[in-house]
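Visitor: The lines below spell out each chain.
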Amino acid sequence: MSTALPRPLLDIRNLEKRFDLDHGLLETVKLRGGKLTREMRSVHAVNNVSLSAQKGEALCVVGESGCGKSTVARLVAGLLEPTHGEIHYDGSRIDNLSRGAMAPLRKKIQMIFQNPYASLNPRMTIQQTLEEPVRFHNPGYSKGEMQDRVVEVMRSVGVDPAWSKRYPHEFSGGQRQRIAIARALTVDPEFIIADEPISALDVSIQAQVLNLMLEAKESRGLTYLFITHDLSVVEHFGTRVAVLYLGSVCEVAETRTLFENPKHPYTRALLSAVPQLKDDRPNHIRLKGEIPTPINLPPGCPFQSRCPMANARCSEEKPMAQKQPDGSLVSCHAVEEDRITEIA
Amino acid sequence: MSLLSVRDLTVKFAMREQTVTALNGISFDLAKGERLGIVGESGAGKSITGFALMNLLSRPGYIDSGEILFEGDDVVQMKPRALQDMRGNRMAMIFQDPMVTLNPVLTIGEQMVETLRAHRQLSREEARQIAILKLREVYIPSPEERLEQYPHELSGGMRQRIIIAIALLLDPQLIIADEPTTALDVTIQADIMELMLELCQSNQVSLILITHDLGVVSQMTERTMVMYAGRIIETGSTRAIINDPQHPYTQGLINALPQQTKPGQRLKQIQGTMPALGRIPAGCPFNPRCEYATATCRSQIPPMSQFAQVQVACHEVQRLQFEAEANRKEELA
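Here the protein sequences line up with chains A and B, keeping their order.
Each residue of the first sequence is one higher than the one before, starting from 1 at the first, in my numbering.
Each residue of the second sequence is one higher than the one before, starting from 1001 at the first, in my numbering.
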């Protein structure tokens, strides 16, 4: 199958990110059993993650808090440096580029953040906010061209261009998020990284913003890396979904395949936990305990402590991604050994 | 007799420039053991309703008029001493953020024992035993050890369980839960919701669940109240509200959910945003965003009336029903 596909626009290979908790010699020295030892603790935020996105695709990364989904987004955007692994964009490696070498790519790769109250500079008017990236990436633009660009992009996100002299505080949350999207679109990007772009918004506003993002995808042929915890949004928006748990990928599949036939026990539990309108009482797969901390992870499958299917092998050996007949990639010993039974 | 009976409750906020009305004459009843959901978007007045029921509003907010009869006593007229006696004892509240609710410098045990001893004549040891019992009820593993721990040592889900245990300590008649699981992950949310449902049912406790999530309301409550700009705009059995909503706003809210549209297609969005409290339009508060609005809607506030299986405040509900009926017939033909 991989040979038939064209080269992916984004290709993440064995990505790893650790955040060290102990900085400096003194913090690493600990008293253990009467002896002084050196210990480094680190948060394993992302562990050996490989993902790819074809042009025009919306790749969704889902998972619960602390699963590393935002870290993946920040690594791809070049806001963080990976500990190991490579990120390739359009055929060339981008994770080791210098600031200067990264600059032309920033025009192609834009990011939208969760909180539009924090991502817009409160002391800049909307006009200034939208002009800044255009001016930076197109130094040759005349004032008139710049103005046209801003007006066009404001129209396309449904914000009246007459309001361009106003400041962010004069807009509602939904309008601000549209302006944040407009800012990402002003430089004509190819690839948008959206980190929980609608989570801070009300239901009726979520629909407005999601529609806007769908529209931009179709009219501009955008590719998305969409980070979210909301599975109903994934089902609607994503072409492909990667489920993350404690920094590792559990399952990657086409959206429809994932929702119709989830395989990994965690994916199944996650899907069952979303409250549905048709339910008249909670009916979800119960998991034991809660998400463990990503500090000094135990060997084996990251999900073993909560998994109803876990056995001795799961606590020793980390499962590798296995291709399933329907094309999805699942990292689970139980799936591999075909010992998944109905869990409820 | 109903456990709780709210009549024409109006809450105002005295701001420097003007006094704004946050709740505008809301009335509802709650039976013993009944579970009621209050839904709406930010600014609808859901949380204000919760605070007002406990008479917990602080300046600049105040209850302007109306009554809140709880087991026959009017909460609005209660003296501070009586309020203190009622809060946490007969009526308890669970808030959204478990980190803010728990006192970070006291152990779980100290907080639970304190609550118990404030209302009951108990020795420390007796109170401790009750606390352990309640922690066990909310499925906290090794409760004896938890009592010695501080809130920061526990996970979010664990903290919210402890808060539920504290709310249940004195066997209240009514629990008001304001977005109790919004800060939690879905798998944890599902566990907490199931736990709350189980506890309410087995102890015959009434529940007012304030949330923006219609899926949660559907799973948890028997009756639902939809709020918009400080008013109740639709109320009825939860099944009726979800399966056959009458108010254009409720319909819009349900239709805007991604599950209601085929993947990849445009979601049915509601135009505009909820008005700020100082700028609520004349007539029906929803009229600027409503595609069915008429001149009447722009000038007169619609009264609450029975329609189909729900109570709804909309001038055009009859016409909407006719149109929907006509469309259905057309589709069939």
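Just so you know, these hints were derived from the structure itself, not from any lab.
Treat the hints with caution; some may be incorrect.
Said to hold, decoys possible - Straight-line Cα separation of at most 20 angstroms, SDA-like style, residue types lysine to any residue; simulated pairs:
#1 A:K278 with B:P1060
#2 A:K217 with B:S1005
#3 A:K108 with A:H84
#4 A:K288 with B:G1278
#5 B:K1268 with A:M146
#6 B:K1262 with A:L214
#7 B:K1262 with A:L277
#8 A:K107 with A:K165
#9 A:K107 with A:H84
#10 B:K1268 with A:L277
#11 A:K278 with B:N1243
#12 B:K1012 with B:G1278
#13 A:K143 with A:E132
#14 B:K1262 with A:T239
#15 A:K318 with A:R93
#16 A:K278 with B:I1242
#17 B:K1032 with B:G1061
#18 B:K1262 with A:D148
#19 A:K217 with B:G1264
#20 A:K217 with B:K1032
#21 B:K1268 with B:N1255
#22 A:K217 with A:L277
#23 A:K165 with A:E190
Stated by the list, open to error - Part of the chain B face toward chain A, derived, beta carbon under 8 angstroms:
#24 P1263
#25 K1268
#26 L1320
The beta-carbon is built from N, C-alpha and C at its ideal position, and this holds for glycine as well.
Visitor: Next step is simple, just say for each hint if it's right about the structure.
Guide: Cross-check of the supplied hints:
no. : hint                 : in the structure
1   : A:K278 with B:P1060  : 41 angstroms, violated
2   : A:K217 with B:S1005  : 51 angstroms, violated
3   : A:K108 with A:H84    : 24 angstroms, violated
4   : A:K288 with B:G1278  : 48 angstroms, violated
5   : B:K1268 with A:M146  : 34 angstroms, violated
6   : B:K1262 with A:L214  : 13 angstroms, holds
7   : B:K1262 with A:L277  : 16 angstroms, holds
8   : A:K107 with A:K165   : 25 angstroms, violated
9   : A:K107 with A:H84    : 25 angstroms, violated
10  : B:K1268 with A:L277  : 17 angstroms, holds
11  : A:K278 with B:N1243  : 9 angstroms, holds
12  : B:K1012 with B:G1278 : 11 angstroms, holds
13  : A:K143 with A:E132   : 12 angstroms, holds
14  : B:K1262 with A:T239  : 13 angstroms, holds
15  : A:K318 with A:R93    : 28 angstroms, violated
16  : A:K278 with B:I1242  : 8 angstroms, holds
17  : B:K1032 with B:G1061 : 29 angstroms, violated
18  : B:K1262 with A:D148  : 36 angstroms, violated
19  : A:K217 with B:G1264  : 11 angstroms, holds
20  : A:K217 with B:K1032  : 51 angstroms, violated
21  : B:K1268 with B:N1255 : 6 angstroms, holds
22  : A:K217 with A:L277   : 29 angstroms, violated
23  : A:K165 with A:E190   : 28 angstroms, violated
24  : P1263                : 5 angstroms, holds
25  : K1268                : 7 angstroms, holds
26  : L1320                : 18 angstroms, violated
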